[in-house]
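Visitor: Respectively, the protein sequence lines represent chains U, X and P. Numbering that gives the first Met the number 0 puts the first sequence at residues 0 to 93. Numbering that gives the first Met the number 0 puts the second sequence at residues 0 to 468. Numbering that gives the first Met the number 0 puts the third sequence at residues 0 to 467.
It is worth saying that the hints were derived from the structure and are not from the lab. Among these hints, one or two may not hold up.
With a Cα cut of at most 25 Å, we get these calculated PhoX-like pairs of lysine-lysine [to be verified]:
no.: 1; chain 1: X; residue 1: K404; chain 2: X; residue 2: K389
no.: 2; chain 1: X; residue 1: K434; chain 2: X; residue 2: K389
no.: 3; chain 1: U; residue 1: K40; chain 2: P; residue 2: K361
no.: 4; chain 1: X; residue 1: K79; chain 2: P; residue 2: K361
no.: 5; chain 1: X; residue 1: K370; chain 2: X; residue 2: K404
no.: 6; chain 1: X; residue 1: K129; chain 2: X; residue 2: K16
no.: 7; chain 1: X; residue 1: K362; chain 2: X; residue 2: K389
no.: 8; chain 1: P; residue 1: K367; chain 2: U; residue 2: K40
no.: 9; chain 1: X; residue 1: K404; chain 2: X; residue 2: K434
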Amino acid sequence: MAGISKDEVLHVARLARLDLSGAEVERFQVQLSAILESVSKVSELDLSDVPPTAHPLEIANAWADDEPRPSLTRDEVFANAPDRDDDLFRVPPA
Amino acid sequence: MSSWQPVIGLEIHVALKTRTKMFCRCTNGAGGEPNTQTCPVCLAFPGALPVANRRAIEECIKLGIALDCTIAERAVFHRKNYFYPDLPKAFQISQYDEPLCSDGRLVVPTATGGVTIGIVRAHLEEDAAKNVHVAVSGRIHGATATLVDFNRGGTPLVEIVTTPDIHDAETAKRFLQLLRQTIVELDLSDAELEKGSMRFDVNVSVRPEGSDELRTRTELKNMNSFNFAAKGIEREIARQIGIYESGRDVQQETLHFVPGDEESPPMRSKEEAQDYRYFPEPDLVPVHPPAETVERLRGEIGELPGARIERISAALSFYDADVLVTGGLDRLWSALVAAGADAKEAANVLANQFVAGGTDPEKADAGELAKLVGARSEIPRAVFDEALAKVGDAGFRADPYLAQKAVSDLSELDPVIDGVLASSPGQVEQYRGGKRGLVGFFVGAVMKETGGKADPRIVNERVRAKLDG
Amino acid sequence: MSVDTLRLTAEAAIDLLARKELTGEELFDAYRAAIEMRDGELHAYLNVQDEPNGSGVPIALKDVISTKGVPTTAGSKILESYVPVFDATVAARCKASDLSLLGKTNTDEFAMGSSTENSAFGPTHNPWDPSRVPGGSGGGSAAAVSAGLAPWALGSDTGGSIKQPAALCGIVGLRPTYGTVSRYGVVAFASSLDQVGPTTKNVRDCALLYGIICGRDENDSTTVDVPQVELPVAEDLRGLRIGVPRELNEAEGIEPGVRAAVRAAIDRAAELGAEVGECSLPRSVDYGLACYYLVAPAEASSNLARYDGVRYGLRSQGADFREMVMNTRNDGLGDEPKRRIMLGTYALSSGYYDAYYAKAQKVRTVIKREHDSVFESFDVIVSPTSPTVAFELGAKTADPLSMYLNDLLTIPSCMAGLPGLSIPCGLSAGLPVGLQLVGPQFGENMLFKVGHALERALAFDGVPERLR
Ligand SMILES: [Mg+2]
Ligand SMILES: [Zn+2]
């Protein structure tokens, strides 16, 4: 299971929207393979009857009442916007 | 056709009309100036965190109860990861393998009995924002830029998924209509297709009659009317059967209909295999619906439209029951019957003259309307129609109209009939010569003479008697 | 009066202000002067404020904590130009307590690292020896407090980013129980692990600052109400049961000098009346690192997906949306975030989820249970905070895996959501050694009590020798 192929590196980079250079692909393939090698340790344990822990605290039902609060001002909304068209955020065609 | 069985599954999204969004307290219900209903959470600014909306959770549970679902003792929100301009966090908070509601059913009444459609799940998620693709053509293709308004982003959605055990377009349509009415009556959403507060996708495949295999399905999107959906499904079923019968295979693809345009052929797109990398949303904690909350919500649900159709079908025909309930007339109908009106007669009047009169069923005075229904056969048509148009007016009284009952007293009618016959010897001649159809001419003349007040049934009998006698 | 920022504790500063022997402005200026004098060499700060925004004791905040109107970069090029329009809850609570912001401290990019060398804006240097790292990711906050450039500071800890730098810089650092301090407005790395906590000169300051920032926040669903914070006074440890987990104290890679200093501290604890006994966390140490390097990157891969160049931050050009996003992320993110994003994406992707992420979540249960059972017989467990003292800059940058090993001893309790306090317990080869005290959930008061008593007994001088 450990070890990751160049194609897998490229596939994962695409999923994560990272446009890696050829050199980066080479480097990450070596490094990720080494890391995967060591994290694969987790599959040594027999965990068949162990429940997963998604959260350190066992709490539930943290809800907010359905009461409106003020939204941001237009200036705050666009304060950091790289590009905008009037009141809309502008990006290259999707 | 008969050797193929269609297999249809539905996936419906309904926008809840809560006051605030699913995971932030911005005002829900887009429509304000672009991006004015946004905050660090729904714009996914660094460090912002979601907090679930209590009301949205309760409304999803309520719908789950109405759909006879099992309400989970433990439900979990998951992240569905993908990149798109209208998805600010680059993941949608949805539910995956631990949904709030699952394993339910909705019984769709039909003329031949109820058809049970299984509900796989009804879960909560957040809506995406709105992309505006600006370009010369206005079409996505060749767009020069995409503009984003995040007001809609984060609207609470309930996603309802049916089992693929619908086998004809008509049932699919009826299911959608009944589901919509159920949601609207529960006051969870305005569920308007035009506004997009109710949206649905349809999965269609066909298989040889009798087999239980599931063949390649296609997904139909953006059909924003129920009739359009029925047509689209019919067409797709026929297309797939055609493909198989010509020895080819159906390709898995999505058919994007052009909203509002039923004629132009749908745009086709291949399903590029997605990998959403679902995992439990660590910024939220699990939902453990408290039993008392679930019971309280159960108690808030009245008799649902499906059940009412079935109940009324027993008293009338399925057709009448369907018209009354889907037309929102059944509560008034029950009141009329309670006020002594004949069940069938009341149903006919409501379905026809009442609807034509355009009166709001809520406003009609059942007692007065019942009187009119009882006297329908005795009141001139014109007068009756006029009365029904007014039955919603404040302080409406039936009596003035009942006073205008048709004249059926022979001592009044005979002189008029004799006068008409006397004044048209020619037609009398022709009638006796065999032109029986002329009876209508005489009746019409008498009605004219009496200013429409004569009872046409009596006049008819009387004219024949005099001519044939 | 002149202020010796190298030795003045926050508690003493509060006292001076209360007695009007000093104004908040004078105090602020004293630290500004120290920053002028020493930060050129150390680079603890990414941003320094010119005017105090409060009349109380100043504070430095790690640059992952959103500050309204003040740049917050998370040490990343992709947020170089980002200026928050809202305060993180912890920043707001500092303001509410009238603490004035001195500036934002350096961090490994998105808090991913153990040396602060992953900062896109250059590394921070260790005040004890500028050729060495201050630890990470919160090296900026630790160096600032150690070098008298701030009376106290806030850091954030995912797998050791508060405790390990505190250890390497000879100061006190607390990673609180998960859920006791709000994460709202803190640039996220791994949501189920991230915790904000104090970096201070001594344990009482640590308790004071923790008291200011802790408590449920309606904007963070994962926070809870916490017990009233008690300032420690006790100087003995009678009746306290201290557990010494074999695996955390004998793990390979622990330097002899570190082991000796920790051993000596444990002996002092016994002299103070504590019962010391051995215990075991067999799988927590063996499998903790693997578990952490699956769970944290998985969450990070999703948390960092929002940096798409649409609403804020860097935007690179691209013919269409997809290309723009790929260029933006490739230009704006450094190697370590890229590595962890890819590792996490891989661990969550179809076909690998069950083998990696799902397994890691179960291992997390195992680690939690092991700690629970240990705390049935002990009040606190101790170990070195870091296997080594501060290492040379560049020594581990070529080999990510060797860098990850720095967190071997801090990670297990993080995975279990437990509070951990690191206090300096001596020197090894002239560099500080940190003692890690871990308690049960919500055991902060007890950690303060033990830490305070030991701190008094050990009488460690936290001022770097070269600065005395
Ligand atoms: Mg959905
Ligand atoms: Zn919002």
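Visitor: Need the list of violated hint numbers for this structure, in ascending order.
Guide: 2, 9
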